[in-house]
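J.: In case you want the letters, here they are:
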Amino acid sequence: KQEVTQIPAALSVPEGENLVLNCSFTDSAIYNLQWFRQDPGKGLTSLLLIQSSQREQTSGRLNASLDKSSGRSTLYIAASQPGDSATYLCAVRRYGGSQGNLIFGKGTKLSVKP
Amino acid sequence: EADIYQTPRYLVIGTGKKITLECSQTMGHDKMYWYQQDPGMELHLIHYSYGVNSTEKGDLSSESTVSRIRTEHFPLTLESARPSHTSQYLCASSARQDTGELFFGEGSRLTVL
Numbered sequence: 003k004q005e006v007t008q009i010p011a012a013l014s015v016p017e018g019e020n021l022v023l024n025c026s027f028t029d030s031a032i033y034n035l036q037w038f039r040q041d042p043g044k045g046l047t048s049l050l051l052i053q054s055s056q057r058e059q060t061s062g063r064l065n066a067s068l069d070k071s072s073g074r075s076t077l078y079i080a081a082s083q084p085g086d087s088a089t090y091l092c093a094v095r096r097y098g099g100s101q102g103n104l105i106f107g108k109g110t111k112l113s114v115k116p
Numbered sequence: 321e322a323d324i325y326q327t328p329r330y331l332v333i334g335t336g337k338k339i340t341l342e343c344s345q346t347m348g349h350d351k352m353y354w355y356q357q358d359p360g361m362e363l364h365l366i367h368y369s370y371g372v373n374s375t376e377k378g379d380l381s382s383e384s385t386v387s388r389i390r391t392e393h394f395p396l397t398l399e400s401a402r403p404s405h406t407s408q409y410l411c412a413s414s415a416r417q418d419t420g421e422l423f424f425g426e427g428s429r430l431t432v433l
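Protein sequence lines, in the order shown, are assigned to chains A and B. Heads up, the first sequence is in the numbering used here, so the first residue is 3 and it goes up one at a time. Heads up, the second sequence is in the numbering used here, so the first residue is 321 and it goes up one at a time.
Watch out, some of these pointers could steer you wrong.
Stated by the list, open to error - Cut-off 20 Å, straight-line C-alpha distance, at most; resulting in silico cross-link-like pairs (SDA-like, lysine to any residue): (1) A:44 x B:426; (2) A:44 x A:88; (3) B:351 x B:373; (4) A:44 x B:327; (5) A:111 x B:327; (6) A:44 x B:373; (7) B:351 x A:33.
No lab work stands behind these hints: they were computed from the structure. Since we're looking at a predicted model, the values are computed, not measured.
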């Protein structure tokens, strides 16, 4: 059974710091991995999607890496800003099962202090 | 930018009432999904659809039902709401032939008294 774990559960950093959020999954047979951002009381905004054949994806100040063999993904945020404060979720899409069924982690709640 | 809309955003209702949560997308996506999220917990898939007249239950058992009469519309219905149905319901969609990226709506937060 695929399980997704995100550590830490919460993180508080001063503005300007570079930071790394971690995501681990137990079954390496994944189709892709997607990182999302969720603001309080809101839906999910897709940040980056990494296909199983890819090692990393970049968008602006965000860089996500994927190491399938070790069951890990990291989301790197450069030069953090208060507007980055949100909960960051990773989700893996497995082969088979309910098509499109993403298995989500519980998220890392990030707070960037001015 | 994703164009997927959910209404209502917030609903407080009494036990036993029938409710319908609306979800519409303007991207022409074939695949649509309903996820349930409790505070501080993971999202869980409760329903999905591959296209018109196609609906399936997800991994998390739910007393809700869905329908897909039109490509752009995927409403979720609870015939008789109970306090245990209090949760956030998130609708998502993805294109059939693409990377599999999911786009989510803003969510509907349901409170049953």
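J.: Hints first: check each against the structure and report whether it holds.
T.: We went through each hint and held it up to the structure:
For the hint linking residue 44 of chain A to residue 426 of chain B, the alpha-carbon distance of about 5 Å falls within 20 Å, and the restraint holds. As the CA atoms of residue 44 of chain A and residue 88 of chain A are separated by approximately 10 Å, the hinted pair is consistent with the 20 Å bound. With a C-alpha separation of about 12 Å, the suggested pairing of residue 351 of chain B with residue 373 of chain B holds against the 20 Å cut-off. Between residue 44 of chain A and residue 327 of chain B the alpha-carbon distance is near 13 Å, which keeps this suggested pair within the 20 Å criterion.
Under the criterion of a C-alpha separation no larger than 20 Å, the hint pairing residue 111 of chain A with residue 327 of chain B is inconsistent with the structure, at around 26 Å. A hinted pair counts as satisfied when its Cα atoms are at most 20 Å apart, and residue 44 of chain A with residue 373 of chain B does not qualify at roughly 29 Å. About 16 Å separates the Cα atoms of residue 351 of chain B and residue 33 of chain A, which keeps this hinted pair within 20 Å; it holds.
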